[in-house]
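Trainee: Chain by chain, the residues run as shown.
Protein chains: 2
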Amino acid sequence: MTDTDSSPTLERKRGSGVKMVYDLLRDEILDLVLPPGSPIDEVQLAERLKMSRTPIREALVRLAGEGLIDTLPNRSTMVANIDFLNLNPFFDALVLMYRVTTRLAAQNHRPEDLSVIRGFHEDYAAAVVTRDALAMIATNAAFHAAIAEAGRNPYFTSLFRRLLDEGRRILRLYYQSYEEQFPQRFVDEHAQIIAAIEARDVETADRLGKAHAEQIVEQVQMLFARNSKLDIAL
Amino acid sequence: MTDTDSSPTLERKRGSGVKMVYDLLRDEILDLVLPPGSPIDEVQLAERLKMSRTPIREALVRLAGEGLIDTLPNRSTMVANIDFLNLNPFFDALVLMYRVTTRLAAQNHRPEDLSVIRGFHEDYAAAVVTRDALAMIATNAAFHAAIAEAGRNPYFTSLFRRLLDEGRRILRLYYQSYEEQFPQRFVDEHAQIIAAIEARDVETADRLGKAHAEQIVEQVQMLFARNSKLDIAL
DNA sequence: TGTATTTTTCTTGTCGACAAATAAAATACA
DNA sequence: TGTATTTTATTTGTCGACAAGAAAAATACA
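As you go down the protein sequences, you meet chains W and U in turn.
Take the first sequence: its position 95, counting from 1, is numbered 95 in this note's numbering, and each next residue is one higher.
Take the second sequence: its position 61, counting from 1, is numbered 61 in this note's numbering, and each next residue is one higher.
Honestly, the hints are just simulated from the structure, not real lab data.
Each hint should be verified, as a subset may be incorrect.
Since the list gives no way to pick one copy over another, a pair counts as held whenever it fits inside one copy or between any two copies.
Unchecked claim - Here are the computed lysine to aspartate or glutamate pairs in the DMTMM-like style, where the Cα-Cα straight-line distance is at most 25 Å:
| id | residue 1 | residue 2 |
| --- | --- | --- |
| 1 | Lys13 | Asp70 |
| 2 | Lys13 | Glu28 |
| 3 | Lys13 | Glu203 |
| 4 | Lys13 | Glu58 |
| 5 | Lys210 | Asp27 |
| 6 | Lys13 | Glu122 |
| 7 | Lys50 | Asp23 |
| 8 | Lys50 | Asp165 |
| 9 | Lys13 | Asp23 |
Bear in mind the structure is a predicted one, so any value in this text is a computation, not a measurement.
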């Protein structure tokens, strides 16, 4: 029998296809469901999501623009690799953006921003309590992205978002061997950061942002040094 | 008569279409040939460049990813506006990236980088001599982009490139009423920056980068204040 | 058996066509 | 004449199909 009538074609709203694919792939990449180096097949995705290749292609172009996938001409496209041998540029950029965005948030935030920030702060604290590593990673990124938004500099915000994304991938890797000591500390530091922002204490915010970032970098480097044996494929 | 045989279909290499459209539109946007707010018609472009809408669409998606065009769903896409009423976020980001990239270049550059940088330095000096405003803008951006490359932090480099692009649009506007005093000064400052980088004098590079950036910002703000009457359409 | 060449296969890049969504124009109605 | 509603027109978003490129497989040849 043919498939006429049986499946009612699953109507989608007219521009939602690309966003769907984009969000799906982005999440799968950032959570390492698709590890670095994984090939991405357009036709396979197309038939899995029951749509043409066109919207999928558009999503892939966007992801490539954000550096999450690499496209070699005429040949397969794959999830972007992480340069584990030299994370320094990443760390440098991350620390600076932590500082700058926190500082700007202290300068430029509006009252309504704080409730958003506090919301993510609580989400993060909840994730720490339930020891949900994936949720911790995601809510921590959301927390700092919200601070960046409150700083109201779209250039910094977009770079920071990109760094936080990349950070999600790296953290996802290390949280396998996660020690429970540091998340609680981060909750406290987050609370201090919020207080500094609210008080519009620019210098303190700057200092806390920097210290917080360096804590994270140090932790990651420690974890990295410890289990450098577990190597990710490719 | 039909057009069979007459025009031999103008064969293009297989992936070159998108790059062609992308480069073309990018240049026209940055040089204000397409001023902010200009509508971009896909079909019109398609028949002008004698290709299908698909590669044009891909180029537009890329440009949208870099913030050079805005796409409203189901409706026309147009060249991104510049928020002239609040250039502060732009200036803040620009100054910081000038500093950081110059500093990192002093730290991380390799000998071969210097010749590239010097090349653009000379191009800029030549543009100043011939008083070619468009060339000055473009070579100045290329000069600083080359310094950023020598700093070897892709995150900073890509943000800085984006800022330099945006700067090209803004400068392009003000160079209409351009006063010849400052380009020569910039040539000298560029030379000092090169010297600091070559000497690996990180602190001096940082200081020079910051000062240079602030010079530019100040100039633009002065020009902006002076002829705030000439308003660009939309 | 090992290397070079041809053939096949598989994936991407491009095309033309159609349908949905929105704006503009035209019509109806008071 | 002015407003509301329908109709038309224009532009985007999606689709299926096909051709070009490159790797893999198969064949030819030594």
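Trainee: Looking back at the numbered hints, which does the structure fail to meet, lowest number first?
Mentor: 3, 5, 6, 8
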